[in-house]
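Once you have looked at the hints, place chain B on chain A.
Chains A and B are the protein sequences, given in the same order. According to our numbering, the first sequence is numbered sequentially starting from 24. According to our numbering, the second sequence is numbered sequentially starting from 6.
Be aware that a few hints might be false.
As the list claims (entries may be wrong) - With a cut-off of at most 30 Å between alpha-carbon atoms, the simulated DSS-like pairs for lysine-lysine come out as follows:
id: 1; chain 1: B; residue 1: Lys98; chain 2: A; residue 2: Lys65
id: 2; chain 1: B; residue 1: Lys94; chain 2: B; residue 2: Lys61
id: 3; chain 1: B; residue 1: Lys341; chain 2: A; residue 2: Lys139
id: 4; chain 1: A; residue 1: Lys113; chain 2: A; residue 2: Lys139
id: 5; chain 1: A; residue 1: Lys65; chain 2: B; residue 2: Lys108
id: 6; chain 1: A; residue 1: Lys65; chain 2: B; residue 2: Lys94
id: 7; chain 1: B; residue 1: Lys98; chain 2: B; residue 2: Lys108
id: 8; chain 1: B; residue 1: Lys108; chain 2: B; residue 2: Lys94
id: 9; chain 1: A; residue 1: Lys65; chain 2: A; residue 2: Lys113
id: 10; chain 1: B; residue 1: Lys108; chain 2: A; residue 2: Lys82
id: 11; chain 1: B; residue 1: Lys108; chain 2: B; residue 2: Lys61
id: 12; chain 1: A; residue 1: Lys82; chain 2: B; residue 2: Lys341
What the hints assert, rightly or not - Okay, the calculated bits of chain A under chain B, using three or more residues with CB under 8 Å as the criterion:
id: 13; segment: 42–48
id: 14; segment: 115–129
id: 15; segment: 135–144
Hints are computed from structural coordinates only; laboratory data are not their basis. Glycine included, C-beta positions come from ideal geometry on N, C-alpha and C.
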Amino acid sequence: MLENYFPVLVFILVGLAIGVVMLALGLVLGRIMGHARADSEKQSPYECGFEAFEDARMKFDVRYYLVAILFIIFDLEIAFLFPWAVALEKIGMAGFWAMMIFLAVLVVGFIYEWRKGALEWE
Amino acid sequence: MMDLLRNFIIFPVTEILFPSSIQPYAVLTLETLAKIIAIIIPVMITVLYLTFAERKVIGYIQARIGPNRVGLFGFRLWGFGQPIADAVKLVLKEIVIPSGANKTLFIMAPILSIAPSLAAWAVIPFNDVMVLANINAGLLYILALTSLSVYGIIIAGWASNSKYAFLGAMRSAAQIVAYEIAMGFALVGVLIAAGSLNLGDIIQAQNGSVFHWFWLPLLPLVGVYFISGVAETNRAPFDVAEGESEIVAGFHVEYGGLAFSVFFLAEYANMILISMLTSIMFFGGWLSPFQGIPVLGASSMFWLFAKASFFLFMFLWFRATFPRYRYDQIMRLGWKVFIPITIVWLVVAAILVVTGIPPWFD
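Extracted from the complex, chain A is given alone in its bound form:
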């Protein structure tokens, strides 16, 4: 049973290794073949030819936070739905109605968010 997961582990390691090897190759080969000469203009962050006006670690819109928080809630709901969906044929009507109640609560929350304007992006 668990040995089925061994290839998955190896594959993740291979994926990481490919990334590491490609970047190492790029850093080394690019340095040799690309005539790398560092200067302050080249090393500065790209800003359409201007010198950088201010630090890039700037304030950003709070709605991105809101999206992230809503995402956590909804992703958790999906995690709850997964086992139910797989077992639906075995748990029959009782399981069906239990999840319908859960979904109804979820929909009420969703409508509340919608009405509150949490989903607006003007």
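Leaving out everything else, chain B in the frame of chain A:
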């Protein structure tokens, strides 16, 4: 092929290199590695030629001929050498690390982006026996790994210490996260219909004919899943994350050379993955559309590849056809259209399964 490799290369070599107590494990590891390489290399080649196909398809849609200069071995071959020339160029370019960047994170980001998009291929079944990891949590694993790809993007945007990269990463992360939910709900619909998380079992559950495939009972979910897939990979018309007319290239603006191509590879590998998953979950995977007819009706991995190629073509077609969405339109589509549709259709699918509506769920 695999037997030859095991009997004539892996066994003799491991016999010499390892003591007999750990030799079986070494054989298992090497065999797994060989299979992984047999998956990754075709994926890489597909990515290479997908870029070529993209430029050709968009070219012909716009009444141009696309790249046609770089040939192979002295023959022009309609520009068939173009992707190889592009790859060589990218390998030879210097990777510039901006002075204000967080160096470790800057280098880690592409790795975090490519590892999950390759590792997700571990559970893809190519036909009824050819699957690397036949695990029962296949779909859960796919969902987990596709969610991980957002880390690469947000770390790249943060570590670059550039305004364009930062804005691109924020947009991209919010967009991926919003469509992740619609995608997850669509997957739950497939689970309800198939009753299994194993991708092979999901395909077997669609056995019968074209009308037994899940696209029919789950019709709205097919659209939601595929469009979310397009948004998830930041492809046109949802590519505001890199929207070149406003924020240049988005999160990877500071990346060049191979570091850029790692992001590129990850994005295209994800596109191929989404196409494969759409054909596996909704269009019968390796099952033939002509089941019951001799020869043509046999299930084979070529059917899977043909279906996946069609969806890849859709990606390119979308890009050539649709103008870019505005960001508020993207968020509205994800939250206010797709999520209500999927919730409603989950209930419908559950009713179909519980009441056992033929021909799908009897």
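Here is how each hint holds up against the structure:
Simply put, Lys98 of chain B and Lys65 of chain A have alpha-carbon atoms about 14 Å apart, close enough for the 30 Å limit, and the pair holds. Between the alpha carbons of Lys94 of chain B and Lys61 of chain B the distance comes to roughly 20 Å, so the proposed pair stays at or under 30 Å and holds. Only pairs whose Cα atoms come within 30 Å are accepted, and Lys341 of chain B paired with Lys139 of chain A is accepted, the gap being roughly 13 Å. Between the alpha carbons of Lys113 of chain A and Lys139 of chain A the distance comes to roughly 39 Å, so the proposed pair goes past 30 Å and is violated.
With a CA separation close to 16 Å, the supplied pair Lys65 of chain A and Lys108 of chain B stays within the 30 Å bound. For the suggested pair Lys65 of chain A and Lys94 of chain B, the alpha carbons sit about 20 Å apart, so the restraint of at most 30 Å is met. Our distance criterion of 30 Å between C-alpha atoms is met by Lys98 of chain B and Lys108 of chain B, whose separation comes to about 18 Å. Using a Cα cut-off of 30 Å, the hinted pair Lys108 of chain B and Lys94 of chain B holds, with the two alpha carbons roughly 24 Å apart.
Using a Cα cut-off of 30 Å, the hinted pair Lys65 of chain A and Lys113 of chain A is violated, with the two alpha carbons roughly 63 Å apart. Straight-line distance between C-alpha atoms of Lys108 of chain B and Lys82 of chain A comes to about 22 Å, which keeps the hinted pair within the 30 Å bound. Distance restraint check for Lys108 of chain B and Lys61 of chain B: the Cα-Cα separation of roughly 37 Å exceeds the 30 Å cut-off, and the hinted pair is therefore not satisfied. With a C-alpha separation of about 27 Å, the suggested pair Lys82 of chain A and Lys341 of chain B falls inside the 30 Å cut-off, and the hint holds.
Counting residues of the segment 42–48 of chain A whose beta carbon lies closer than 8 Å to any beta carbon of chain B gives 5, which meets the minimum of three for the stated coverage. Here's how the segment 115–129 of chain A fares: 7 of its residues keep a CB closer than 8 Å to some CB of chain B, so the rule of at least three is met and the hint holds. Restraint check on the segment 135–144 of chain A versus chain B: 3 residues with Cβ-Cβ distances below 8 Å, three needed, restraint holds.
In terms of the numbered hints stated before, the structure departs from hints 4, 9, 11, listed from lowest to highest.
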